[in-house]
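Trainee: Given these sequences and hints, build the entire structure.
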Amino acid sequence: MTMTDFPWLTIIILFPIAASLLLPFLPEKNGTWERWYSLIIGLIDFALIVYAFVTQYDLSNPELQLVEKYSWVPQMDLNWSVGVDGLSMPLVLLTGFITTLAMLAAWPVTFKPKLFYFLMLAMYGGQIAVFAVQDMLLFFLVWELELIPVYMLLSIWGGKKRLYAATKFILYTAGGSLFILLAALAMAFYGDTVTFDMRSLALKDYPLNFELLLYAGFLIAYGVKLPIFPLHTWLPDAHGEATAPVHMLLAGILLKMGGYALIRMNAGILPDAHAVFAPALVILGIVNIVYAALTSFAQRNLKRKIAYSSISHMGFVLIGIASFTDLGMSGAVMQMISHGLIGASLFFLVGATYDRTHTLMLDEMGGVGKRMGKMFAMWTTCSMASLALPGMSGFVAEVMVFVGFATSDAYGSFFKVLVIVLAAIGVILTPVYLLSMLREILYGPENKELVAHEALIDAEPREVFIIACLLVPIIGIGLYPKIVTQIYDATTVQL
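Using the working numbering, you'd call the opening residue of the sequence shown number 18 and step up by one each time.
Among the hints, erroneous ones may be present.
Stated by the list, open to error - Derived DSSO-like pairs: lysine-lysine, alpha-carbon spacing no greater than 27 Å straight-line:
(1) Lys131 with Lys185
(2) Lys221 with Lys86
(3) Lys177 with Lys129
(4) Lys129 with Lys185
(5) Lys129 with Lys178
(6) Lys131 with Lys177
(7) Lys131 with Lys46
(8) Lys46 with Lys129
(9) Lys178 with Lys131
As the list claims (entries may be wrong) - Label-pair distances were calculated between CB atoms; the ranges are:
(10) Tyr181 with Asn47: 24 to 34 Å
(11) Thr397 with Tyr181: 26 to 36 Å
(12) Gly208 with Phe482: 51 to 61 Å
(13) Val416 with Lys46: 43 to 53 Å
(14) Gly208 with Lys46: 52 to 62 Å
(15) Val84 with Leu132: 30 to 40 Å
(16) Met378 with Arg216: 42 to 52 Å
(17) Asp289 with Val84: 44 to 54 Å
(18) Asp75 with Asp475: 43 to 53 Å
(19) Pro407 with Asp475: 25 to 35 Å
(20) Pro407 with Val434: 15 to 25 Å
Please keep in mind that the hints were generated in silico from the structure rather than gathered at the bench.
All values derive from a computational prediction rather than experimental measurement.
Where is the CB? At the ideal position from N, CA and C, for every residue including glycine.
Mentor: Printed below as a string of structure tokens:
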């Protein structure tokens, strides 16, 4: 067997899942063994991803690579089929990177550590599978299976309203997933041949009305996960109750699954319906940007404020997908990657701040920056990244989307000007609510009760390391975007 025939993706997907099964046999010691074991497994799997990318992936090839296909149910052309291209490869790298850091962020977890890290490792493999599988039914299965660890992580380790948040999450996402199953079955059984292979499904000639129904079903399912207004209400509740490592996975990876699927399925497999729905996507993107920015401005709970900020940023992904330009689509992918890094950093800081202040209400904070210089620096830098400061990844992504949409031939001048003006309102609101948030957390009069609390200590080396690891690619991409665009440009120009 040559290195090109080696089952890289299968091992990358199954390794953390298989490793999680050994956790119950580790000695009991307040979670110490579980922490180190899970971190090492995460590092090994991420190293495998990086090695496969560096040695086996061809940046100039727009087609699927590292392809593996093993027959499962031959009568229905159902296979274990995996592969990556320019769209999925950067998201697989992002998944490995964020999840490994989330393992380190979970260091304080001592309640049921075996179950916690079992779910984290199982989720690791499941999320990579979502980006790698090339069989529609298999995609539905891993999409559904990935929901179970999230539900349990929310319902067991969440806050006071964790059961409500977890139940709402599973109802929204599982309800949306039903549309994936129905659309997948309809596509598979349409025509003379029954197949779930994504490339074969893309070659089928669907009537426009049928394609529109399929597109609408996928849009609902993936719109829940992205999320798109008005299917977004589960996200602030989930973020409001989650722990820091689960925050990182939700913001860093889970939302990107929705954007990835919209590009892969809706734009890639159903291009005629995409042309019809594109103006609606642009309008929904504007609603996301402006509505969520205004709502974030009004939030007094720190977690919910940043959750609505995430919804606002995902609006740019919708506009980029609907731009019908290479630059706009490239900007949409860049925004997903950028927000994955920035969102993970902000939510990790929320968790670290809560561990010290024991409050999420901005009214109860104030003057924290005077006592914690490192936290002050990290909060300020990550917030600047979120408001798209030039020199950071968010700025590059938003400019690419704006320019890509402005140069699109698919829309009239009036519509483009209107969209850009409305989106600019959201861009202006972002620094308003983020700088206001920083002022309330870091500046102003000190809360005497917080200052007196002995736990109000500065960031420890583990926390500084996690933020530093996230800021390196945020700034690196902002200064030299080609680091990322060269991975996916060969694929996105074909969409």
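Trainee: Is the gap between the beta carbons of Gly208 and Phe482 within 51 to 61 Å?
Mentor: Given about 54 Å between the Cβ atoms, the range holds.
Trainee: Assess, step by step, whether the Cα of Lys129 is no farther than 27 Å from the Cα of Lys185, and give holds or violated.
Mentor: With Cα atoms ~23 Å apart, Lys129 and Lys185 stay inside 27 Å; holds.
Trainee: Does Lys185 lie within 27 Å of Lys131 when you go C-alpha to C-alpha?
Mentor: Given pair Lys131, Lys185 holds - Cα atoms ~26 Å apart, limit 27 Å.
Trainee: Just to be careful, I want the Cα atoms of Lys131 and Lys46 compared with a cutoff of 27 Å; is the pair within it?
Mentor: This hinted pair holds, its Cα atoms lying about 11 Å apart.
Trainee: Per the hint of 44 to 54 Å, is the separation of the Cβ atoms of Asp289 and Val84 within bounds?
Mentor: violated (27 Å)
Trainee: Given a hinted range of 43 to 53 Å, is it respected by the beta-carbon distance of Val416 and Lys46?
Mentor: holds (50 Å)
Trainee: With a cut-off of 27 Å on the C-alpha distance, tell me whether Lys177 and Lys129 pass.
Mentor: Distance of about 18 Å is within 27 Å: holds.
Trainee: Check the following: the C-beta atoms of Val84 and Leu132 are separated by a distance inside 30 to 40 Å.
Mentor: Roughly 35 Å apart at Cβ, these two residues keep to the hinted range, so it holds.
Trainee: Could you see if the CB distance from Tyr181 to Asn47 stays within 24 to 34 Å?
Mentor: Roughly 30 Å apart at Cβ, these two residues keep to the hinted range, so it holds.
Trainee: Given the hinted pair Lys221 and Lys86, is their alpha-carbon gap at most 27 Å?
Mentor: With Cα atoms ~21 Å apart, Lys221 and Lys86 stay inside 27 Å; holds.
Trainee: Should the hint that Gly208 and Lys46 are 52 to 62 Å apart at their CB atoms be regarded as holding?
Mentor: Hint holds: Cβ distance 58 Å, inside 52 to 62 Å.
Trainee: Next pair to validate is Lys131 with Lys177; report whether the Cα-Cα distance is within 27 Å.
Mentor: Roughly 22 Å between the alpha carbons, so the hint for Lys131 and Lys177 holds.
This entry does not satisfy hint 17, going by the numbered hints stated previously; all others are met.
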